[in-house]
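Novice: As given, the protein sequences belong to chains A and H, one line each in that order.
At position 67 of the first sequence (counting the first as 1) the number is 66 in numbering that gives the first Met the number 0, and the numbers step up by one without a gap.
At position 233 of the second sequence (counting the first as 1) the number is 232 in numbering that gives the first Met the number 0, and the numbers step up by one without a gap.
Check each hint, because a few of them may be wrong.
Here are a few chain H residues that sit away from chain A, every Cβ distance over 10 angstroms (derived from the structure) [what the hints assert, rightly or not]:
| no. | residue |
| --- | --- |
| 1 | Thr181 |
| 2 | Ala228 |
| 3 | Ile253 |
| 4 | Pro309 |
| 5 | Tyr312 |
| 6 | Arg395 |
| 7 | Ala467 |
| 8 | Glu559 |
| 9 | Arg574 |
Derived list of chain H stretches under chain A, where covered just means 3 residues or more per stretch with a C-beta under 8 angstroms from a C-beta of chain A [what the hints assert, rightly or not]:
| no. | stretch |
| --- | --- |
| 10 | 64-73 |
| 11 | 199-211 |
| 12 | 431-445 |
Please keep in mind that the hints were generated in silico from the structure rather than gathered at the bench.
Even for Gly, the Cβ is constructed at its ideal location relative to N, Cα and C.
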Amino acid sequence: MPNRLSVIDVDRCVGCQSCMFACARRLGEGGLASACIGVRSAGGIRRGFVVVVCRACPDPPCARVCPTDALVLRPPGGVRLRAELCIGCGNCVQACPFGAVFWDARQHKPQICVYCGYCARYCPYDVLALEEVPDVAQ
Amino acid sequence: MLPSDPLRRVLVVDLARRRFTVEDRPDLFEAGLGGAGVAIRLLEEECPSGADPLGPENPVILAVGPLVGLFPLASKTVAMFKSPHTGNLGESHAGGRSAVAIRMAGYGAIVLRGASSTPVYVVVDGDDVYFRDASALWGMRSAYTVGRVIRERERGAGMRTIIRIGRAGERMVTYACVTTETYRHFGRLGLGAVFGSKKLKGLVVAGKRSLPVSNPRLYRETYDTVFRAAVDSPLMQKYHELGTAMNVLPLDAIGALPTRNLKSGRFEGAETISGESLAANYLGRRVACAHCPVACIHLAALRLPYPNDPYFYKTVMLGYDHEPIYAMGSMLGIASVPGMLQLIDEAEAVGLDVMSTGVVLAWATEALERGIISLQETDGLALTWGDWETYIEAVRRIVDPPNDFYRALGRGVEHAASLYGGANFALAFGGNEMAGYHTGPAAYLTYLTGARHSHLDSAGYSLDQRAASRGEMLTPEGVADALRAEEEWRQVLASLVVCFFARGVYTPEFVERALAVVGIERSADDLARLGADALRRKHAFKTREGFDPARLRIPDRILETPSPLGAVDREFLERAIAQFFRGE
Ligand code: SF4
Ligand code: SF4
Numbered sequence: 000m001p002n003r004l005s006v007i008d009v010d011r012c013v014g015c016q017s018c019m020f021a022c023a024r025r026l027g028e029g030g031l032a033s034a035c036i037g038v039r040s041a042g043g044i045r046r047g048f049v050v051v052v053c054r055a056c057p058d059p060p061c062a063r064v065c066p067t068d069a070l071v072l073r074p075p076g077g078v079r080l081r082a083e084l085c086i087g088c089g090n091c092v093q094a095c096p097f098g099a100v101f102w103d104a105r106q107h108k109p110q111i112c113v114y115c116g117y118c119a120r121y122c123p124y125d126v127l128a129l130e131e132v133p134d135v136a137q
Numbered sequence: 000m001l002p003s004d005p006l007r008r009v010l011v012v013d014l015a016r017r018r019f020t021v022e023d024r025p026d027l028f029e030a031g032l033g034g035a036g037v038a039i040r041l042l043e044e045e046c047p048s049g050a051d052p053l054g055p056e057n058p059v060i061l062a063v064g065p066l067v068g069l070f071p072l073a074s075k076t077v078a079m080f081k082s083p084h085t086g087n088l089g090e091s092h093a094g095g096r097s098a099v100a101i102r103m104a105g106y107g108a109i110v111l112r113g114a115s116s117t118p119v120y121v122v123v124d125g126d127d128v129y130f131r132d133a134s135a136l137w138g139m140r141s142a143y144t145v146g147r148v149i150r151e152r153e154r155g156a157g158m159r160t161i162i163r164i165g166r167a168g169e170r171m172v173t174y175a176c177v178t179t180e181t182y183r184h185f186g187r188l189g190l191g192a193v194f195g196s197k198k199l200k201g202l203v204v205a206g207k208r209s210l211p212v213s214n215p216r217l218y219r220e221t222y223d224t225v226f227r228a229a230v231d232s233p234l235m236q237k238y239h240e241l242g243t244a245m246n247v248l249p250l251d252a253i254g255a256l257p258t259r260n261l262k263s264g265r266f267e268g269a270e271t272i273s274g275e276s277l278a279a280n281y282l283g284r285r286v287a288c289a290h291c292p293v294a295c296i297h298l299a300a301l302r303l304p305y306p307n308d309p310y311f312y313k314t315v316m317l318g319y320d321h322e323p324i325y326a327m328g329s330m331l332g333i334a335s336v337p338g339m340l341q342l343i344d345e346a347e348a349v350g351l352d353v354m355s356t357g358v359v360l361a362w363a364t365e366a367l368e369r370g371i372i373s374l375q376e377t378d379g380l381a382l383t384w385g386d387w388e389t390y391i392e393a394v395r396r397i398v399d400p401p402n403d404f405y406r407a408l409g410r411g412v413e414h415a416a417s418l419y420g421g422a423n424f425a426l427a428f429g430g431n432e433m434a435g436y437h438t439g440p441a442a443y444l445t446y447l448t449g450a451r452h453s454h455l456d457s458a459g460y461s462l463d464q465r466a467a468s469r470g471e472m473l474t475p476e477g478v479a480d481a482l483r484a485e486e487e488w489r490q491v492l493a494s495l496v497v498c499f500f501a502r503g504v505y506t507p508e509f510v511e512r513a514l515a516v517v518g519i520e521r522s523a524d525d526l527a528r529l530g531a532d533a534l535r536r537k538h539a540f541k542t543r544e545g546f547d548p549a550r551l552r553i554p555d556r557i558l559e560t561p562s563p564l565g566a567v568d569r570e571f572l573e574r575a576i577a578q579f580f581r582g583e
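Here chain A stands alone, though its shape is the one from the complex:
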């Protein structure tokens, strides 16, 4: 069954951003430019944090607005980028209501979660988990 990343309990998040660094490290780099997960304060640290992850939507708005069909549906939910088709228009970034389509400012391409779960392994407080997505078609 396919996986998706899920935020189990955002109230446990301490804002350490270990998950963001993990996502970049998965590609063998330091820093944050390649992270496909975002943690920010919910309007000031005293209010806690927001963890932005791709929800692997069954009918993803990002794919619907892509003029070149570069975002290919992944059943039962989520998308995969075919970079060779992407023209860097950024429509997908605008379309995602969660802001979960991140942007590679050097290549001018979206950065989208591949649901590998690497980040979840570095969350010390069990905020994140990789879940199996039941196939609704079945």
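Using the hints provided, position chain H with the ligands relative to the given structure of chain A.
Specialist: Then chain H with the ligands, alone, in the frame of chain A:
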């Protein structure tokens, strides 16, 4: 250093001309690694001898290190400047997001030169620098609001830090702090006043980039070693659970918790203000600095009624740690948690260093008690142990002094005692107010000999506690040598800008490995030399600016109140000081 690593870039911001340049300085990072090792070199270059700490010639240096953005717990920014509080080395470290943001913006260091003619805040967004008008923010009552306004107005992408001062900084109280991300501080030695003297209300730094590594596999493996060690270590677990406030009860139990201006080492209210009690009754949230899995920052949720509106409440979230609990709790005889938290809140809102503030107020209370000063000096405030409401009023007067007495308090306890007397119970060392450990001679030797006169310079308190628990005898020479070695090694950590809480994880062997990942070859011996060199340079700066170890003042009070290791002996301290500075 890997050729494409942006660490070598130094951003120089000229506040007077509102211009900036970026200098390529691989030499600096080659020689000093980063953080303290680089900042002291920049301070030597930038700060003229005899500079007025509150004049435009005093620079502010902010430096980070090669492991930031790559490894967990490399999370500090080192600030260096000439201190308006002690008149010599100003150095203060803060976490929050500051270090990662500076690194992600593409710099290893930022130099703030000159002074603006009108209030500004500076925004560094990657390669762009903006000078924003801050005249409307100048004079705002609460530093919290200033942070919120800037946060909502600025939209820098990626990792962002918002560093700002409160009114105490604007008014140049010599122990005004600089706050970052609401709950972390460049607390000590008056960086806030230096910002104020430059009419610099805040500094926002934001950026997002990737950082190169020499070998991705080695990187991931090395990362996992340190990450697991940090997450699994029992000490780190305690920092997470109770935070530094875990120290309150054990210190009280051995008689090492400074109470009522150190008239005692035990506080009858210790239980109430302990980390355990705060966690059980007030803990609202834990937060972490960027890239720190430990999350030692504890926020208390305090629900406060409005006095004249029935059923009308506000809930404030306040950071607490051992030091604020000591300084605004036991040191002032305050056993009310809501009272203590509200006093901390007031100090935060105006942007004062809570530790110095608590010690200053404790001295003033005792001075009043002894009749050295009267209600005339205190502007009618009957400062009394435990009376937090009056202390809140006093904090306001330190920032807006109605008379010469509060003006003197705004320059620290050393200065106030030099004018009004009571030096024997004025608890400052090298001009800096003491921290919350009355553990024995080694703690005091750290305050006296540490280059920043900070308990964290060489952590003598832990040496004392170890000796007490093992029943060991300390010798002046033994303590001096151990503190010197510890302070030298901490220069390495401060150059890598690794959080001192992670010192058990960042051993010399591990540092060697981590540096290899970023293409830096340094043996354990190289590192030791680097630490010794950085400390020597700091001492040279202090000496140049008039510091003389022979003139260090030892207040009688610390000798009178018994420590867990018995009475601290003046001669012991003097011999150890001589040993520490021998050959310099
Ligand atoms: S699941 Fe994988 S790709 Fe998605 S955010 Fe986590 S580490 Fe990145
Ligand atoms: S690793 Fe976990 S606790 Fe840390 S920021 Fe990410 S979700 Fe929050």
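Novice: Please go over all the hints and tell whether each is borne out by the structure.
Specialist: Each hint tested on the structure:
1. Thr181: About 6 angstroms separates Thr181/H from the closest Cβ of chain A, which leaves it inside 10 angstroms; violated.
2. Ala228: Ala228/H is indeed farther than 10 angstroms from all Cβ atoms of chain A, at 13 angstroms.
3. Ile253: For Ile253/H, whose nearest Cβ neighbour in chain A is about 31 angstroms away, the distance exceeds 10 angstroms, so it holds.
4. Pro309: holds (26 angstroms)
5. Tyr312: holds (16 angstroms)
6. Arg395: Per Cβ check, Arg395/H is outside 10 angstroms of chain A; nearest 23 angstroms; holds.
7. Ala467: For Ala467/H, whose nearest Cβ neighbour in chain A is about 33 angstroms away, the distance exceeds 10 angstroms, so it holds.
8. Glu559: holds (42 angstroms)
9. Arg574: About 45 angstroms separates Arg574/H from the closest Cβ of chain A, which puts it past 10 angstroms; holds.
10. 64-73: holds (count 3)
11. 199-211: holds (count 5)
12. 431-445: violated (count 0)
Hint compliance for this structure: hints 1 and 12 are not met, and every other hint is.
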